[in-house]
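With the hints as extra help, turn the sequences into a complete structure.
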Amino acid sequence: MVFQLMVSPGPGFTQADAAGYLLALFKWLLVAVSFLYVLVSVIITRQIGLMRATVTTPQTRRLVLVSLIHLACAIVLLVYFVLFL
Amino acid sequence: MPKVFDSSTYKKKETMKKNSSKSSPHSGTERPVRHRSVDEYSDVLAAEPNCDRVFTSFIPKPTRVSFESQAASENVVLLLRKHPITQLQWVITALVFAVMPLGFSYFPVYDMLPFSYKLGIIALWYLALFGFSFQSFLLWFYNVYILTDERVIDVDFISLAQKNITSAKIDNIEDITSESAGFSSTFFNYGNVLIQTAGAQQEITFEAVPQPAKVTAILNDLLLEEEREKIEGRTH
Numbered sequence: 001m002v003f004q005l006m007v008s009p010g011p012g013f014t015q016a017d018a019a020g021y022l023l024a025l026f027k028w029l030l031v032a033v034s035f036l037y038v039l040v041s042v043i044i045t046r047q048i049g050l051m052r053a054t055v056t057t058p059q060t061r062r063l064v065l066v067s068l069i070h071l072a073c074a075i076v077l078l079v080y081f082v083l084f085l
Numbered sequence: 001m002p003k004v005f006d007s008s009t010y011k012k013k014e015t016m017k018k019n020s021s022k023s024s025p026h027s028g029t030e031r032p033v034r035h036r037s038v039d040e041y042s043d044v045l046a047a048e049p050n051c052d053r054v055f056t057s058f059i060p061k062p063t064r065v066s067f068e069s070q071a072a073s074e075n076v077v078l079l080l081r082k083h084p085i086t087q088l089q090w091v092i093t094a095l096v097f098a099v100m101p102l103g104f105s106y107f108p109v110y111d112m113l114p115f116s117y118k119l120g121i122i123a124l125w126y127l128a129l130f131g132f133s134f135q136s137f138l139l140w141f142y143n144v145y146i147l148t149d150e151r152v153i154d155v156d157f158i159s160l161a162q163k164n165i166t167s168a169k170i171d172n173i174e175d176i177t178s179e180s181a182g183f184s185s186t187f188f189n190y191g192n193v194l195i196q197t198a199g200a201q202q203e204i205t206f207e208a209v210p211q212p213a214k215v216t217a218i219l220n221d222l223l224l225e226e227e228r229e230k231i232e233g234r235t236h
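Quick note, the sequences are listed as chains P and C, same order.
All residue numbers for the first sequence refer to this note's numbering, where the first residue is 1 and numbers rise by one.
All residue numbers for the second sequence refer to this note's numbering, where the first residue is 1 and numbers rise by one.
There are no misleading hints in this set.
Example chain C residues on the side facing chain P (calculated, C-beta under 8 Å, incomplete): (1) Val65; (2) Ser66; (3) Phe67; (4) Glu68; (5) Tyr117; (6) Gly120; (7) Ala123; (8) Leu124; (9) Ala128; (10) Phe130; (11) Phe134; (12) Gln135; (13) Leu138; (14) Val144; (15) Val155.
Here are some chain C residues pointing at chain P (derived, C-beta under 8 Å): (16) Asp52; (17) Arg64; (18) Ser116; (19) Leu127; (20) Gly131; (21) Lys163.
Since the hints were made in silico from the structure, they are not lab data.
Since this is a predicted model, take the numbers as computed values, not measurements.
We treat Cβ as the ideally placed atom computed from N, Cα and C, and that holds for glycine.
See the structure below:
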C-alpha cells in the first residue's frame, strides 16, 4: 500500500508524505534492532561476571569496564534513535 | 676454677627441646608434608620467568590467577590458551566488516537518508562489530587450560551460555601425547596435547596450544614429582 502511494499518491497524499512514513518505519526498525542489541550487551556483561567467577586474572577488571562502556554506548544509541531520528 | 659442668645451660637446652617437641604438629610418627616449589623439580619451568601479559597464550607461573575449584594448597604452574594465530578468522572478518561502511554510499537507498539516519546506522554497525569482536576475544581469553601442581583443568566456554570444566589429577595421567600437524602449526609452533587419564574423563585435549613439546615436558615433570611425593610420603 505504501509502495502504491509512492507511485501514484492520492490528491492529499504526496510523495513527501510517503517518504516520511517510510522514514518513520525505518526509525522504529532501528529502535527495535538497537533495543535487541542492548539486551545482547547485557548478556555479554553478565557473562563476563560468570566467566571471571570461573577463572580470575589480573585483567578481569579491565574487561568488566570495557563491557560496561559497551553497554552504556548501546543504551546511548537506543536513546539517540528514539529521540533524534 | 674451670667449668666442668654448667647445669644452667643444660637445663636451657632441655627446656628448648621440650618446647620444640610440644609445638611441632608433626611430632612422633607423623612426617611434615612439604611440597616442593615447581622450580625445584622442573628445569623447564625454572627457566621460565613469571608472566602476566594479557595477549599471550603461554603463561608460566602466573601471578594472581585463580579458578573456582582451586584448593588452598594448589598452585597454578601454567596457564594456556589457544595460539593467537587460531583467532585469525574472526580478526579478518572484523577487519573486512570495519571497512564495509565505505561502500554504503554506493547504495541509493542509503544515500537518500538524512544525515542523522546515516550517523545512527554507522554507529550501530561499528557497535555491533565491536560486540562481535569483544565476544570472540572473551571466548578465546577465558577458554583456558590450567596446569596446577595437583591437577590438569580444561575450562571451555562453548558459547556465552554454555560452560564445560573438566579436571583430572596429575597422578591419574597415564599417557601424554603432543601432536603438531600442518604448515601453520609447525611454523608458529603450536599443536595439540592429548592427555589420557584413568578417571571418568578418559581424555583431555589441549587444542592448539603453543609450544606443545614444552607443555608435555612440564606435564612429565609434574607427573614425576607426584610419583616422588608418593614414594617419599609427602602426600596429604
